[in-house]
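S.K.: Given next are the chains, with one letter for each unit.
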Amino acid sequence: GEDVEQSLFLSVREGDSSVINCTYTDSSSTYLYWYKQEPGAGLQLLTYIFSNMDMKQDQRLTVLLNKKDKHLSLRIADTQTGDSAIYFCAESGRSGNTGKLIFGQGTTLQVKP
Amino acid sequence: EAGVVQSPRYKIIEKKQPVAFWCNPISGHNTLYWYLQNLGQGPELLIRYENEEAVDDSQLPKDRFSAERLKGVDSTLKIQPAELGDSAVYLCASSGGGQGAYNEQFFGPGTRLTVL
Numbered sequence: 018g019e020d021v022e023q024s025l026f027l028s029v030r031e032g033d034s035s036v037i038n039c040t041y042t043d044s045s046s047t048y049l050y051w052y053k054q055e056p057g058a059g060l061q062l063l064t065y066i067f068s069n070m071d072m073k074q075d076q077r078l079t080v081l082l083n084k085k086d087k088h089l090s091l092r093i094a095d096t097q098t099g100d101s102a103i104y105f106c107a108e109s110g111r112s113g114n115t116g117k118l119i120f121g122q123g124t125t126l127q128v129k130p
Numbered sequence: 004e005a006g007v008v009q010s011p012r013y014k015i016i017e018k019k020q021p022v023a024f025w026c027n028p029i030s031g032h033n034t035l036y037w038y039l040q041n042l043g044q045g046p047e048l049l050i051r052y053e054n055e056e057a058v059d060d061s062q063l064p065k066d067r068f069s070a071e072r073l074k075g076v077d078s079t080l081k082i083q084p085a086e087l088g089d090s091a092v093y094l095c096a097s098s099g100g101g102q103g104a105y106n107e108q109f110f111g112p113g114t115r116l117t118v119l
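These protein sequence lines are chains A and B, in that order.
Taking the working numbering, the leading residue of the first sequence gets 18, the next gets one more, and so forth.
Taking the working numbering, the leading residue of the second sequence gets 4, the next gets one more, and so forth.
Okay, chain A solo, but in the shape it has when bound:
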């Protein structure tokens, strides 16, 4: 079946790098996504990676994809207090490009000053 797993909590100090990890089960997923959710708000797409890529960098964000191990990670460089939020990994799953997203349970990132 389709399943996405994430660790629940990560605490870092301001200025350090944060690495949030995710594993997924559906090798047919075309796209993998990282969303950010701040308290009381909806989800905001941070970045995505196409399944035939190994890495994608976007300013402070680096996404690494290990398709063999079905492992996705999000690295945030120079983490700021404003990065404190819940981060969700999601896969497009067997539905391909039809739009259904399968989300993990979210990783709460706490950034200490």
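No lab work stands behind these hints: they were computed from the structure.
Since we're looking at a predicted model, the values are computed, not measured.
Be aware that one or more of the hints could be misleading.
Examples of chain A residues toward chain B, derived with CB under 8 Å [claimed, not checked]:
id, residue
1, 59
2, 105
3, 118
4, 120
5, 123
Note that beta-carbon positions come from the ideal geometry of N, C-alpha and C, so glycine has one too.
Dock chain B against chain A, hints included.
M.R.: For chain B alone, kept in the frame of chain A given last:
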């Protein structure tokens, strides 16, 4: 450009009462999604519309939940009667749709439902 609009933002009702949530997607987006987000969990798809057609409602509990998108624009999700376990955040999202694209979904702020 306005984002996805949802109302109400918060709703408190007693069990067995009906409740309705409204969503207005981003202008021009033909795909609309309703997700359920339980506390401490990621969102789970309830129903997806392409224009006015529900193309994926396999996760919608049809005994008490219903949804409509009559003119292919805004949408309403209804629960009747509500149960204690329905307490959650109901998220609406929209996308431009289309094949082959990464199909970014834009999310609204959600409606937080509390059933007492």
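S.K.: Evaluate each hint against the coordinates.
M.R.: Each hint tested on the structure:
no.: 1; hint: 59; verdict: holds, 3 Å
no.: 2; hint: 105; verdict: holds, 5 Å
no.: 3; hint: 118; verdict: holds, 7 Å
no.: 4; hint: 120; verdict: holds, 3 Å
no.: 5; hint: 123; verdict: holds, 6 Å
Consistency note: the structure conflicts with none of the earlier hints.
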